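Colleague: Protein chains in written order, with this note's numbering: chain A, 114 to 436; chain B, 114 to 436.
Heads up, some of the hints might be wrong.
Because identical chains share one entry, a pair is satisfied inside a single copy or across any pair of copies.
[Said to hold, decoys possible] Pairs of lysine-lysine residues, derived as DSSO-like cross-links and limited to a Cα-Cα distance of at most 30 Å, are as follows:
| no. | residue 1 | residue 2 |
| --- | --- | --- |
| 1 | K418 | K138 |
| 2 | K154 | K191 |
| 3 | K154 | K234 |
| 4 | K216 | K411 |
| 5 | K417 | K234 |
| 6 | K255 | K318 |
| 7 | K318 | K216 |
| 8 | K244 | K334 |
For the record, the hints were derived by calculation from the structure and aren't laboratory data. On a predicted model such as this, the values are computed, not experimentally measured, just so you know.
2 protein chains.
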Amino acid sequence: MSISAEIDFQVPDQKAIILAASRIKNYINQTPVFRSDTFDKRFGCELLFKCENFQKAGAFKSRGAVNAVFSLSEEELKNGVATHSSGNHAQALARAAALRNTKAYIVMPETSPKVKVNAVKHYQGEITFCKPTLKAREESLKKIINDTGAIEVHPYNNLMIIAGQATCAKEIFEGHDHIDQIVAPVGGGGLLSGTALSTNYFSSKTTVVAAEPEMANDAFKSFYSGTFTPSANPNTIADGLLTSLGSYTFPLIQKYVDRIVTVSEEAIVEAMHLIWERMKIIIEPSAAVPFASIIENKINHKSKKIALILSGGNVDLNKLPWK
Amino acid sequence: MSISAEIDFQVPDQKAIILAASRIKNYINQTPVFRSDTFDKRFGCELLFKCENFQKAGAFKSRGAVNAVFSLSEEELKNGVATHSSGNHAQALARAAALRNTKAYIVMPETSPKVKVNAVKHYQGEITFCKPTLKAREESLKKIINDTGAIEVHPYNNLMIIAGQATCAKEIFEGHDHIDQIVAPVGGGGLLSGTALSTNYFSSKTTVVAAEPEMANDAFKSFYSGTFTPSANPNTIADGLLTSLGSYTFPLIQKYVDRIVTVSEEAIVEAMHLIWERMKIIIEPSAAVPFASIIENKINHKSKKIALILSGGNVDLNKLPWK
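Modelling step: build the complete structure from the supplied sequences, incorporating the hints.
Modeller: See below:
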């Protein structure tokens with residue numbers, strides 16, 4: 114699959130996102146937006162933290178997974194759904210499939226942390242372990258789909274997934290006016306594309322900023338060069354952001370996102386620690402990346418009203434990065 | 114000061130608690146109540162978690178401190194306020210004093226963790242260090258009061274403090290009907306007395322349960338013997354609950370609390386870990402004690418609707434009990 118910057122597909126329109134929001138409403142949390150006087154004073158701006166760490170299965174991924182699975186007919190679902198993922202999409206898809214009484218086949222690298230394997234099992238996902246390479250994951254998934262007839266639900270390069278993730282920003286704009294900037298983390302780009310579409314439809318004066326780890330900066334490079342440039346050896350503590358953009362997400366980001374900034378590993382850890390310590394909430398490293406961009410002064414935040422998406426809270430409590 | 118089970122003072126009445134709520138309203142957070150489907154399913158009951166970890170200065174203590182300080186006149190406040198505390202009351206009192214533009218003299222043991230010392234400094238408290246004994250703390254405080262004319266604001270044995278802490282349960286009952294039981298942790302008994310009074314006034318059919326660490330079980334012993342029995346060598350991870358009851362809190366608890374149960378150290382750590390992992394919020398060990406009583410099956414929780422007060426979230430992120 115070659116990945117170009119051109120949009121040669123039907124972009125989810127405003128109606129598709131409104132439909133996604135109503136489709137998933139009963140199966141996800143409308144997560145709260147938290148504020149911190151301490152942070153506002155310290156950084157001289159108004160920060161809104163959208164708490165997707167409180168989302169079902171612990172991350173925004175439940176929005177897309179529920180939207181994708183619930184848009185399929187019973188006939189389409191009869192052989193289940195399948196994906197390869199060692200992360201939050203795996204749990205979210207297993208949960209969404211269970212809600213529709215169908216199977217979820219999840220291909221996971223045999224090196225996956227036990228806490229993630231257990232989470233998928235908790236939602237009755239059927240796990241197939243494979244070698245920890247992209248090739249092994251793809252081959253293993255292909256075989257399962259051939260054998261079972263399950264439908265693939267890709268973690269981000271899927272328009273129903275993107276429309277589902279778009280409901281997060283939509284909720285923010287429903288509750289809050291006059292937001293100058295919205296900042297989302299970027300890995301494969303599902304959340305970011307959805308955020309950019311919702312901003313375009315529901316709050317068109319808001320600037321869309323993506324925050325990415327310097328150590329996994331494929332989106333940054335692709336965006337500013339105009340040519341898809343996958344990460345060579347991504348290596349960041351933000352383990353949800355290791356993936357590169359896809360054939361849907363790259364052109365959507367190229368068109369609808371205003372800026373991409375990168376942040377250091379140190380700033381990610383500092384941002385995560387500050388949020389834990391001051392806001393008393395648990396977020397995973399990937400979720401700290403937007404706040405890291407404020408700490409490192411990468412976006413023009415002074416006197417602005419800025420929404421930051423805290424994308425998830427699934428972290429191994431026995432392996433904290435400041436120990 | 115001898116401590117008897119008799120009430121020989123004016124108990125804060127319903128009006129006093131309503132007045133406290135309106136007095137502190139603009140200076141504290143009306144904290145949210147969180148739910149967890151996972152826990153409700155697992156324990157077969159309906160649990161409401163009152164999130165005082167999201168309270169100003171990180172604990173319910175801000176309610177009492179603001180109520181006490183804001184009930185004093187400018188004349189009374191002109192020489193400041195004073196207390197000895199190494200915990201959450203110290204921060205809360207320093208913050209409340211700063212809001213009234215007066216000084217807070219805080220006596221802290223020289224062994225206090227740096228994180229707590231810094232928190233008091235953050236709110237401009239004037240710290241005096243002393244040897245880590247109760248005698249040294251009391252003598253040091255007495256000297257400061259003599260020298261400065263500051264007014265003592267005791268962490269729990271003070272009726273304005275108790276009326277302030279009572280506003281927490283009042284908020285719960287305003288948002289939620291038909292609560293079968295309310296569970297508060299007990300240390301010095303300020304939160305528990307206030308909770309019991311509010312339950313008596315605003316939700317009289319609700320049973321009031323106190324949860325206490327087995328390793329600091331003075332309230333349990335005092336309550337069931339009817340005679341004040343201070344802890345000999347309290348030693349619990351729940352460092353907010355090391356203190357013993359006072360001359361106001363013991364008789365109030367004796368009259369208005371229905372039951373006191375004790376929990377093991379293991380259950381406290383397990384409860385804290387579960388809440389972090391599943392609810393994605395940070396609570397301190399003392400705040401986990403009520404949930405530990407559910408885990409250890411110490412209260413009759415099956416099929417009941419139970420409010421648990423998560424009393425605070427001030428914890429040293431570098432010293433977690435499961436490492």
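Colleague: Hint by hint, say whether it matches the structure.
Modeller: Cross-check of the supplied hints:
| no. | hint | in the structure |
| --- | --- | --- |
| 1 | K418 / K138 | both (27 Å within a copy, 25 Å between copies) |
| 2 | K154 / K191 | between (54 Å within a copy, 28 Å between copies) |
| 3 | K154 / K234 | between (43 Å within a copy, 17 Å between copies) |
| 4 | K216 / K411 | neither (43 Å within a copy, 39 Å between copies) |
| 5 | K417 / K234 | between (43 Å within a copy, 29 Å between copies) |
| 6 | K255 / K318 | neither (43 Å within a copy, 60 Å between copies) |
| 7 | K318 / K216 | neither (42 Å within a copy, 46 Å between copies) |
| 8 | K244 / K334 | within (29 Å within a copy, 58 Å between copies) |
Hints 4, 6 and 7 from the list above are not met by this structure, while the remaining hints are.
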